[in-house]
Every structure is written in C-alpha cells, then in structure tokens.
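Okay, here's what each chain looks like letter by letter:
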Amino acid sequence: MGELVKVIAQALVDSPEEVQVKEIEGEHSVIIELKVAPDDMGKVIGKQGRIAKAIRTVVKAAATKEQKRVVVEII
Amino acid sequence: MIVIEKYGKTEQEAIESALKELGATRDEVEIEILEESSRGLFGLIGGKQARVKVTKKYNYGEEAKNFITKIFDKMNVQVDIEVEEDDDNVRIDLRGENMGLLIGHRGETLDSLQYLTSLVVNKGKENYKRILLDTENYRQKREKALERLAKRLAQKVKRTGRRVVLEPMNPYERRILHSTLQDHPHVVTYSEGEEPYRKVVITLK
Chain A
1 MGELVKVIAQ ALVDSPEEVQ VKEIEGEHSV IIELKVAPDD MGKVIGKQGR
51 IAKAIRTVVK AAATKEQKRV VVEII
Chain B
1 MIVIEKYGKT EQEAIESALK ELGATRDEVE IEILEESSRG LFGLIGGKQA
51 RVKVTKKYNY GEEAKNFITK IFDKMNVQVD IEVEEDDDNV RIDLRGENMG
101 LLIGHRGETL DSLQYLTSLV VNKGKENYKR ILLDTENYRQ KREKALERLA
151 KRLAQKVKRT GRRVVLEPMN PYERRILHST LQDHPHVVTY SEGEEPYRKV
201 VITLK
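Protein sequences appear in the order of chains A and B. In this text, residue positions in the first sequence follow this note's numbering: the first is 1, and each later residue adds one. In this text, residue positions in the second sequence follow this note's numbering: the first is 1, and each later residue adds one.
Simulated from the structure, these hints should not be mistaken for lab results. Keep in mind it's a predicted model, so treat the numbers as computed, not measured. Glycine included, each C-beta is placed from N, C-alpha and C at the ideal position. There's no promise every hint is true.
[Said to hold, decoys possible] Covered stretches of chain B, as calculated for chain A (at least 3 residues, CB under 8 Å):
1. 59-71
2. 102-110
3. 113-123
[Unchecked claim] Straight line, CA to CA, 30 Å or less: simulated DSSO-like cross-link-like pairs of lysine-lysine:
4. Lys-43(A) <-> Lys-22(A)
5. Lys-141(B) <-> Lys-74(B)
6. Lys-70(B) <-> Lys-6(A)
7. Lys-6(A) <-> Lys-9(B)
8. Lys-56(B) <-> Lys-20(B)
9. Lys-151(B) <-> Lys-205(B)
10. Lys-56(B) <-> Lys-9(B)
11. Lys-20(B) <-> Lys-43(A)
12. Lys-70(B) <-> Lys-9(B)
13. Lys-70(B) <-> Lys-47(A)
14. Lys-156(B) <-> Lys-205(B)
15. Lys-70(B) <-> Lys-65(A)
16. Lys-57(B) <-> Lys-6(A)
17. Lys-199(B) <-> Lys-60(A)
18. Lys-68(A) <-> Lys-70(B)
19. Lys-74(B) <-> Lys-53(A)
20. Lys-141(B) <-> Lys-60(A)
21. Lys-56(B) <-> Lys-123(B)
22. Lys-65(A) <-> Lys-22(A)
23. Lys-60(A) <-> Lys-56(B)
24. Lys-35(A) <-> Lys-70(B)
25. Lys-53(A) <-> Lys-65(B)
[What the hints assert, rightly or not] A few chain A residues that face chain B, going by a derived Cβ cut-off under 8 Å, partial list only:
26. Glu-3
27. Val-7
28. Val-30
29. Arg-50
30. Thr-64
Based on the sequences and whatever the hints tell you, model everything.
And the structure:
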C-alpha cells in the first residue's frame, strides 16, 4: 500500500527523489506516512486538500481488497 | 521531451537515424534542419553533411497510460487500458474484472483516478488536455441516472412546493442536473455552498 502512495506522490511532485513513505502496520489498520520536499507540499495536498483527498480515495479502494483500514498522513 | 541532433549524408539519412534512436515514427516528432547537405564539387571536394534536430513530442495519452498502469500494478488489479487521444481530450477506457472497485461509491474512485492522472499528465505543460476516464460505460449510465433523478425531483417540487437540496456533487454532475431542468416549466435550479460540497437546489419558479 505504501508503494502505491509512493508511485502517485512521485508522479505529482517536482522532486520525486525526496518522496519518503513509511508504513506503520497495526492489527486492523495501516498508517502510511508520506513525506515530500517542503516545496512540493502543495502538489500532494492541493487546494482545500483536493489532491490529498483523491490520493486517500484511491488508496482506500486498494485497501478494501485487503480488508484493512488505511490512513494516509502527509507530514 | 527528448531532443537529439544527428549528422547524415543527406537530410533523409540524418532523420532516419534520429528516429531509430528515439524509437519514434515521423508523426511523433518535430524536425528541424540545422544544416543542409551539399554534394560539393563533382561529389569530391567540399561536400557537407546534413545536420538535423529531432524532437520527440510529448505524448499525453502515452503518459496517462504509463501512470495508470503503474497504479493498477501497485493495486494488484488486472486492467486493460485503451487510450484515444485528440487535440483536446484523452479518453481512457478501462476493462477488466472487478471494475466496481475502481468506480467506487458514486464514482468517487474513478473521479479521483481521473483527477490525479490529469494533474500528472498536464504537469508543467503549456497545453492542457482533458482526461476522461471511464469503464463499463459508467459515465453514460450515471448521466442517465442523474437525468431521471432530476425529473423525479422536479415533479416532487412542483407537487409539494418545497425546495429540494441534493447531496454534494462535482461540477460535471451538477451541470447534468442544471441542463436537464433548464427548460422545465415549473422549477428552476441553482447551486449553493462551497466546493467540494457544492449542492444543486431545485425550487419552484
């Protein structure tokens, strides 16, 4: 799931090499921490969080297959 | 965008070798002749090679397909992707099993994928191309469903005299509702609220 977030984030930002993704696995849920270069924050969040919301929606769809709750945090 | 410069005995030869290196066909590139070849005197003295500059044009459809393929790969879903491209639009049709997963609730997953693809493909480009993502004719079915909903609710407003506020929708879906009831004799429509929670309201004329 972290790989999916990484692929999307890297395609959106100007500095793909600075994209970092960390997965914190729990019993029923996974937290995915996404970190990008400070200048790229807007590229993964968007106006009113529209891009972040789209990323979360796609990840959520991928997660239903694995029956786990996924939380994507942009830090 | 990839640019290469090549020499050749003739312009033709230089272009051919550039195309080969780029792995592109003629209509995928822009060609600029930097120096023309000349045969020189009696083909012996002072002959000059041709020099050309060949630029591979940015291909929106190809970029879109690459991005979506990567996503589906990581999502572990098998999808056939068909791309059609014209001057303003890139239409992408998805085919496979379990497309419901990619459509999502009221198409929200499909819309999200479409939005992200549009951002990636149009990033830093002068020309904007609209990305239209569809599967199993979902867009058309949804359009028909919204038209039916609009007509039904218009009847209800006419009967009760009370206004109806719909759930939040994206601009594309709101437009379908507005245009369906545009010429309705008894009701008018407008939108209220801020994106992404903007809603269509149907009320008596």
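Now the hints, each set against the structure:
no.: 1; hint: 59-71; verdict: holds (count 3)
no.: 2; hint: 102-110; verdict: holds (count 4)
no.: 3; hint: 113-123; verdict: holds (count 6)
no.: 4; hint: Lys-43(A) <-> Lys-22(A); verdict: holds (19 Å)
no.: 5; hint: Lys-141(B) <-> Lys-74(B); verdict: holds (28 Å)
no.: 6; hint: Lys-70(B) <-> Lys-6(A); verdict: holds (11 Å)
no.: 7; hint: Lys-6(A) <-> Lys-9(B); verdict: violated (47 Å)
no.: 8; hint: Lys-56(B) <-> Lys-20(B); verdict: holds (12 Å)
no.: 9; hint: Lys-151(B) <-> Lys-205(B); verdict: holds (15 Å)
no.: 10; hint: Lys-56(B) <-> Lys-9(B); verdict: holds (22 Å)
no.: 11; hint: Lys-20(B) <-> Lys-43(A); verdict: violated (36 Å)
no.: 12; hint: Lys-70(B) <-> Lys-9(B); verdict: violated (42 Å)
no.: 13; hint: Lys-70(B) <-> Lys-47(A); verdict: holds (25 Å)
no.: 14; hint: Lys-156(B) <-> Lys-205(B); verdict: holds (13 Å)
no.: 15; hint: Lys-70(B) <-> Lys-65(A); verdict: holds (17 Å)
no.: 16; hint: Lys-57(B) <-> Lys-6(A); verdict: holds (27 Å)
no.: 17; hint: Lys-199(B) <-> Lys-60(A); verdict: holds (24 Å)
no.: 18; hint: Lys-68(A) <-> Lys-70(B); verdict: holds (22 Å)
no.: 19; hint: Lys-74(B) <-> Lys-53(A); verdict: holds (19 Å)
no.: 20; hint: Lys-141(B) <-> Lys-60(A); verdict: holds (24 Å)
no.: 21; hint: Lys-56(B) <-> Lys-123(B); verdict: holds (17 Å)
no.: 22; hint: Lys-65(A) <-> Lys-22(A); verdict: holds (20 Å)
no.: 23; hint: Lys-60(A) <-> Lys-56(B); verdict: violated (37 Å)
no.: 24; hint: Lys-35(A) <-> Lys-70(B); verdict: holds (20 Å)
no.: 25; hint: Lys-53(A) <-> Lys-65(B); verdict: holds (22 Å)
no.: 26; hint: Glu-3; verdict: holds (5 Å)
no.: 27; hint: Val-7; verdict: holds (5 Å)
no.: 28; hint: Val-30; verdict: violated (14 Å)
no.: 29; hint: Arg-50; verdict: holds (7 Å)
no.: 30; hint: Thr-64; verdict: holds (7 Å)
Against the hints set out earlier in the document, violations occur for numbers 7, 11, 12, 23, 28.
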